[in-house]
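**Q** Please model the complete structure; the sequences and the hints are all you need to start from.
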Amino acid sequence: MIGAAALLAAVLAPAAAHAAPPANDDFSGATPVTALPFTSTVDTKEGTAAADDPQLCWWSTSSVWYRYTAPADGFVAFATDREEDRKPAVSVYTGDRGALSWAGACQYPHGGGSDTFAVKAGTTYHLLVQDTRYAGPVTLSLTPVPRAANDDLAAAADVPLDTDVAGDTGPATVEQDEVEASCDTGSDRSLWYRYTTGRERVVAAEVTQRSSAASVAVFRKSDLTEVECRQTSHAPAIFTATPGETYYVRIANSDYDAAALTLRLSDAPGIAPALRYFSPARPGVFDEIVFEIDPGDPAGRWLAGGEVRFGDGAAAAIPAVPGTATVSHRYAADGEYDLTVSGYTADGRSGSTTRKFKVETHDVTVADLVAPATATAGSTGDVTVSVSTTRYDEDIVVELLRRLPTGYWTVVGTADGHVAKNGTTVVPFTYTYTGEDAAIGKATLKARVRLASGDDNNPADNERVAETTVTATR
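Numbering (my numbering), first residue to last: 1 to 474.
Hint data in this document are derived by calculation from the structure and do not stem from the laboratory. Treat the hints loosely; a few may be bogus.
Said to hold, decoys possible - The calculated DSBU-like cross-link candidates involving lysine-lysine, where the alpha carbons are at most 35 Å apart (straight line), are:
(1) K421 <-> K446
(2) K221 <-> K120
(3) K356 <-> K421
(4) K358 <-> K446
(5) K358 <-> K442
(6) K446 <-> K356
Said to hold, decoys possible - Have a look at the derived ranges for each label pair, beta carbon to beta carbon:
(7) G74 <-> R220: 25 to 35 Å
(8) T41 <-> R220: 49 to 59 Å
(9) H418 <-> V370: 35 to 45 Å
(10) T354 <-> T414: 17 to 27 Å
(11) A317 <-> L56: 50 to 60 Å
(12) G270 <-> A51: 15 to 25 Å
(13) P322 <-> T41: 49 to 59 Å
(14) T390 <-> S453: 48 to 58 Å
(15) D85 <-> P322: 34 to 44 Å
(16) D393 <-> G335: 58 to 68 Å
(17) D158 <-> G313: 48 to 58 Å
(18) T471 <-> K421: 53 to 63 Å
Beta carbons: idealized from backbone N, C-alpha and C, even for Gly.
**A** Here it is in structure tokens:
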């Protein structure tokens, strides 16, 4: 009875109340931002996501809204206080519900993206904070930030060699008549720098953050001609700087990835073109050897030309191709050669390397195959295979094969052997002739030899065929 009473009490007890959604859970209840700087903490755990919440930046299971009307033109940066891998998505819009336009800022969930947007006086901006699995307390802050000092070409900042120069494409724009970079025609924000050298040198300009998607373009000041352009920071822009000439360096991002970054100019790395791969793996004098050339460039450029000297008096030009260059060569004699690869890149760097290259020809020959001229079905005949070589001692594997009526070959015997340099080895087999051989009228046998280890450089002479006339048993 006590258990029943307890059960009844549990059934009749009121259900636990769920926490209400945040006050700014919906667009219509957005928290107003009356002045900057601004800070607000909200718990998104009980938030919901409206069916018409924008998903341009991300999707969510809960969201909250803020509303800010700019009193003057400028830039605003936002931030959230969670650790990088648990951040919410934050994006900014203008317009009315159902007809919102993205305002050019998107912090991706778990970090990354852009956190600064331009504002116009009198325009209202709607900030959407979106959460998924890490929904919970989050503090949003908004701060006014000044426009980047080197936003325009005319205000380009000096950048010395071997110095990290900080910048931020967030509070930046693209000028109406800004010179366009050939590798990046879609950026929305850019910064300008300038560099002048006192002597000719090959310079590398790069954004040091490997996660940055910023493009790097270099222009000659005298006529604004582009001398180099790289679409991302994963490879530096490299150019030859002329003494006394000033060069503009343009760093640009799209609205999606505008962020703080660091520009560094330094002497471009040297290159060490070298042999990457060759085929066959054990080359001999019968082989047209194909050589793959590694540009040896830490900056990832392909070679614009060069030469391979094979060490036997011959050489081949390295072609300028958008990829791995190859050359080929056949040596006339075995030996160890000094193979030298020299090359240069389009940006003016050059280098060379030398290595030893071994040519060693391994070639065995089926010199003879002897089988009975005639036989009868059921009889066994002696078959001998003679294998010779003129170059090196070789361990060999000899196979005896029979041709089937279908034209295919089947192995009927295998033997291991050894043949000395300038010598001949005779390998014996026996073969029992069959009724099928008699029906055909002959037995066609083939001797085949291969090296026990490695490939034969001249396999064309590794086989020999003999025929025996076969009759039925009398």
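**Q** Now tell me, hint by hint, if it's right for this structure.
**A** How the hints compare with the structure:
1. K421 <-> K446: Holds. K421 to K446 sits at ~24 Å (cutoff 35 Å).
2. K221 <-> K120: holds, 33 Å
3. K356 <-> K421: Answer holds: K356 to K421 is near 25 Å, not above 35 Å.
4. K358 <-> K446: Satisfied, since the Cα-Cα distance of roughly 34 Å is no more than 35 Å.
5. K358 <-> K442: violated, 46 Å
6. K446 <-> K356: Violated: K446 and K356 sit about 40 Å apart, past 35 Å.
7. G74 <-> R220: 25 to 35 Å: holds, 33 Å
8. T41 <-> R220: 49 to 59 Å: holds, 52 Å
9. H418 <-> V370: 35 to 45 Å: violated, 20 Å
10. T354 <-> T414: 17 to 27 Å: Once the Cβ atoms are compared, 44 Å apart, the range 17 to 27 Å for T414 and T354 is violated.
11. A317 <-> L56: 50 to 60 Å: Distance hint for A317, L56 holds at roughly 52 Å.
12. G270 <-> A51: 15 to 25 Å: Roughly 59 Å apart at Cβ, these two residues miss the hinted range, so it is violated.
13. P322 <-> T41: 49 to 59 Å: Since P322 and T41 have Cβ atoms about 53 Å apart, the given range 49 to 59 Å holds.
14. T390 <-> S453: 48 to 58 Å: violated, 19 Å
15. D85 <-> P322: 34 to 44 Å: Holds - the Cβ-Cβ distance for D85 and P322, about 38 Å, lies within 34 to 44 Å.
16. D393 <-> G335: 58 to 68 Å: violated, 18 Å
17. D158 <-> G313: 48 to 58 Å: holds, 53 Å
18. T471 <-> K421: 53 to 63 Å: violated, 43 Å
In the structure shown, a violation is registered for the earlier hints numbered 5, 6, 9, 10, 12, 14, 16, 18, in ascending order.
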